[in-house]
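Between the sequences and the hints, there should be enough to build the whole structure, so can you do that?
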Amino acid sequence: MLTLVALWIAYFSIHSLLASLSCKQWVGRHWPQLTPYYRLGYNLIATVLLIPPLYLTLQLQGAEIIRWQGGWQWVSYLLILSAVAAFLWTLRYYDGNNFLGLQPLQGSTTTDNPSPSADEGPLTISPLHRFVRHPWYSLALILIWSRDLDLAQIVSGAVITLYFIFGSLLEERKLCHLYGERYRYYQKRVPGLIPLPWRYLSRQEGAWLQTTATTEFTTTNTLSAKDRFIQD
Numbered sequence: 002m003l004t005l006v007a008l009w010i011a012y013f014s015i016h017s018l019l020a021s022l023s024c025k026q027w028v029g030r031h032w033p034q035l036t037p038y039y040r041l042g043y044n045l046i047a048t049v050l051l052i053p054p055l056y057l058t059l060q061l062q063g064a065e066i067i068r069w070q071g072g073w074q075w076v077s078y079l080l081i082l083s084a085v086a087a088f089l090w091t092l093r094y095y096d097g098n099n100f101l102g103l104q105p106l107q108g109s110t111t112t113d114n115p116s117p118s119a120d121e122g123p124l125t126i127s128p129l130h131r132f133v134r135h136p137w138y139s140l141a142l143i144l145i146w147s148r149d150l151d152l153a154q155i156v157s158g159a160v161i162t163l164y165f166i167f168g169s170l171l172e173e174r175k176l177c178h179l180y181g182e183r184y185r186y187y188q189k190r191v192p193g194l195i196p197l198p199w200r201y202l203s204r205q206e207g208a209w210l211q212t213t214a215t216t217e218f219t220t221t222n223t224l225s226a227k228d229r230f231i232q233d
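My numbering numbers the first residue of the sequence shown as 2 and each following residue consecutively.
By construction, these hints were calculated from the structure, which means they are not laboratory data.
Among the hints, a few may not be true.
Claimed, not checked - Cut-off 25 Å, straight-line C-alpha distance, at most; resulting in silico cross-link-like pairs (SDA-like, lysine to any residue):
1) 189 x 138
2) 175 x 148
3) 175 x 83
4) 175 x 211
5) 189 x 200
6) 189 x 158
Right, here's the structure in full:
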């Protein structure tokens, strides 16, 4: 179990490091030609490195400790189906090519000197984002804890949950840097992982926030690219 915990900690440490703007900027300074492909490489590395902890979790499979029985089993099924359906629904609000890092392969890059933050894209406020700032983390937590679990799965679930809490804080530091006061306003209005009935954005507020944050991000990112071009 200690090996399992160590593998998850190593995975999330590398994941957070590669997701940071400082790492992207370092790559941009040393290998600027790789900057457009950073997100694609990041996704590939994250996927490959996920294999060892998942494999060990399956290898350590034992007797179930947490079991959803009787009527609660149907609650479990409903939670899982709802989480999967909500995840698939949110996909329509994202640019899949940008998220996966496929744009450079399709000739979609707009500058020869892209900013290291260019692949982050504009701020997305989907319907679920109006109620929680990290809906995918929230849905993943439902999927993790609404199933029958053995000891290895509980350990993995606990480490993943802790990462979602602390990792979301690190991610939000980057988002505040990218989107400025607009994102800080969003933080004050909407909870991070657990929806609260009294804290949410109306549809109009969500549309306004996405539009203004996108404008600010585009302007900042364009200026950054121009500065890099001048320096080069």
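To see whether the hints hold, each was checked on the structure:
About 19 Å separates the Cα atoms of residue 189 and residue 138, which keeps this hinted pair within 25 Å; it holds. With a C-alpha separation of about 33 Å, the suggested pairing of residue 175 with residue 148 is violated against the 25 Å cut-off. A C-alpha spacing of about 30 Å is found between residue 175 and residue 83, which places the hinted pair above 25 Å, so the restraint is violated. Restraint check for residue 175 and residue 211: the C-alpha separation of about 17 Å stays at or below 25 Å, so the hint holds.
Proposed proximity of residue 189 and residue 200 is supported: the alpha carbons are some 9 Å apart, at most 25 Å. For the proposed pair residue 189 and residue 158, the alpha carbon gap of about 28 Å is over 25 Å, so the pair is violated.
Of the numbered hints given earlier, the model fails hints 2, 3, 6; all others are met.
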